[in-house]
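Q: Line by line, the protein sequences are chains R and E.
The first sequence: position 113 = 113 (the numbering used here), numbered continuously.
Every number in the numbering used here is 160 more than the matching position in the second sequence, counting from 1.
Calculated directly from the structure, the hints in this document are not laboratory data.
In this text the structure is predicted, and so the values were computed from the model without any measurement.
The C-beta atom is built at its ideal place from N, Cα and C for all residues, glycine as well.
Just to be clear, a hint being listed does not mean it is correct.
One-sided excerpt, in silico: chain R residues whose CB lies under 8 Å from chain E [claimed, not checked]: (1) Ala58; (2) Glu60; (3) Thr68; (4) His121.
Just the calculated beta-carbon pair ranges, DEER-fashion [what the hints assert, rightly or not]: (5) R:Pro144 to E:Ser280: 53 to 61 Å; (6) E:Gln301 to R:Val119: 53 to 61 Å; (7) R:Leu148 to E:Ser280: 31 to 39 Å; (8) E:Asp220 to R:Phe20: 58 to 66 Å; (9) E:Met357 to R:Thr91: 44 to 52 Å; (10) R:Phe20 to E:Thr299: 43 to 51 Å; (11) R:Cys53 to E:Lys309: 25 to 33 Å; (12) R:Ile24 to E:Gly203: 37 to 45 Å; (13) E:Glu216 to R:Asn49: 26 to 34 Å; (14) R:Arg95 to E:Val316: 35 to 43 Å; (15) R:Phe20 to E:Gly233: 12 to 20 Å.
So you can see what is in the structure, the chains are spelled out below.
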Amino acid sequence: MLLLLLGIIVLHVAVLVLLFVSTIVSQWMVGNGHATDLWQNCTTSPSGNVQHCFMSSANEWLQSVQATMILSVIFSVLSLFLFFCQLFTLTKGGRFYITGVFQILAGLCVMSAASIYTVRHLDWHYGSENSYGFAYILAWVAFPLALLSGVVYVILRKRE
Amino acid sequence: MAPGAPSSSPSPVLAVLLFSSLVLSPAQAIVVYTDREVHGAVGSRVTLHCSFWSSEWVSDDISFTWRYQPEGGRDAISIFHYAKGQPYIDEVGTFKERIQWVGDPQWKDGSIVIHNLDYSDNGTFTCDVKNPPDIVGKTSQVTLYVFEKVPTRYGVVLGAVIGGVLGVVLLGLLLFYLIRYCWLRRQAALQRRLSAMEKGKLHKPSKDSKRGRQTPVLYAMLDHTRSTKAVSEKKAKGLGESRKDKKRLAGRAGDRGSGVEPSKGAKVVVIEMELRKDEQSSELRPAVKSPSRTSLKNALKNMMGLDSEK
Numbered sequence: 001m002l003l004l005l006l007g008i009i010v011l012h013v014a015v016l017v018l019l020f021v022s023t024i025v026s027q028w029m030v031g032n033g034h035a036t037d038l039w040q041n042c043t044t045s046p047s048g049n050v051q052h053c054f055m056s057s058a059n060e061w062l063q064s065v066q067a068t069m070i071l072s073v074i075f076s077v078l079s080l081f082l083f084f085c086q087l088f089t090l091t092k093g094g095r096f097y098i099t100g101v102f103q104i105l106a107g108l109c110v111m112s113a114a115s116i117y118t119v120r121h122l123d124w125h126y127g128s129e130n131s132y133g134f135a136y137i138l139a140w141v142a143f144p145l146a147l148l149s150g151v152v153y154v155i156l157r158k159r160e
Numbered sequence: 161m162a163p164g165a166p167s168s169s170p171s172p173v174l175a176v177l178l179f180s181s182l183v184l185s186p187a188q189a190i191v192v193y194t195d196r197e198v199h200g201a202v203g204s205r206v207t208l209h210c211s212f213w214s215s216e217w218v219s220d221d222i223s224f225t226w227r228y229q230p231e232g233g234r235d236a237i238s239i240f241h242y243a244k245g246q247p248y249i250d251e252v253g254t255f256k257e258r259i260q261w262v263g264d265p266q267w268k269d270g271s272i273v274i275h276n277l278d279y280s281d282n283g284t285f286t287c288d289v290k291n292p293p294d295i296v297g298k299t300s301q302v303t304l305y306v307f308e309k310v311p312t313r314y315g316v317v318l319g320a321v322i323g324g325v326l327g328v329v330l331l332g333l334l335l336f337y338l339i340r341y342c343w344l345r346r347q348a349a350l351q352r353r354l355s356a357m358e359k360g361k362l363h364k365p366s367k368d369s370k371r372g373r374q375t376p377v378l379y380a381m382l383d384h385t386r387s388t389k390a391v392s393e394k395k396a397k398g399l400g401e402s403r404k405d406k407k408r409l410a411g412r413a414g415d416r417g418s419g420v421e422p423s424k425g426a427k428v429v430v431i432e433m434e435l436r437k438d439e440q441s442s443e444l445r446p447a448v449k450s451p452s453r454t455s456l457k458n459a460l461k462n463m464m465g466l467d468s469e470k
């Protein structure tokens, strides 16, 4: 039982870390000296280590990607918090419904963020030589993991 | 964004600036505040805000001046002047009949509105305030950009999406709990009525038995000590506890239904349920009467087959 509990918490924290990293790290799009994320647009000069960063565009779709990423982080944090609350207050045999629902919501949010980015990133990136960076991949990895941990929460019954 | 509502940079920044200047600069000088940038759509109107802070009272000789410097132009021309309580508006230049005075010196406000914007209005507007004897101070500039369609400001969609989704989730959660609460209450009421009805049927034949009368009373007392505690606890614990009770209740009802023989045990269970009902109704009214007496009375009443239900 304790092992299961630990496993769930580790999974949840892993999802949270993935979400944070993919939201913050500037590696959604990489290509010859460019590295962009949801917030800024950085260029490393070919000669030195000078890095110029500009704020990313105010494109509506980019803003909705930002919003859904933030929402997924919020939901996941909330879910972790609710899990600890429910761990101590839930009656024996009860299920972690609210925790699970919030975690699934986080998963759906990160999914919509990644899909919007996939479809719409050409609206604000004009270069064709860019490829997806690791933060983008982490966002896609976080989606099934969040969904999985949400489902586990819903299925799980509490034992003393 | 509606064409009538031009966007402007956030005013909290101004408030912070005002505060810091109030606290930090003891020098006696007039400080003028405007937005840094204003966006407007072609054909719409835009408000150019101008306010100031002065160490002096607002005098009658206060004057506001707006100057306009076209984009790429060198010279600034005066387009508006307010002095001695009278606004003077440009009547020959490019802003002819397009400027409206909306300020109020009493509120330290020197704002103007420019109607019917055109691309040629792009440029810098300077607000200058003189509040004699406080005349030393810098002017403040605001740059006007005219667009065909005002672009969405950064953060509007972001905030809207986050706020919207969080609001919907919160509302859904609230609705869910409300519906569940109502449903549970209805179920409990139904269950209570059902059990009361069945009890009436079950107890009539056994009312002459003497032992059968005594044991339940004992149980009632025992149960009551538990239930008075439960009443106070219930308020703190809320829904979860009551649900547990109801589950137990339901379970008992099922037990009794299957047990055909009218044994002593079955009777005891019935009394316990009746008590629980009493406890729930006593929750609603203030504890004026001794609850133990009423519950005992109810138990006895039920034993004798009096229907306590209205």
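Q: Against the structure, test the hints numbered earlier, and report the numbers of the ones violated in rising order.
A: 4, 6, 7, 9, 13, 15
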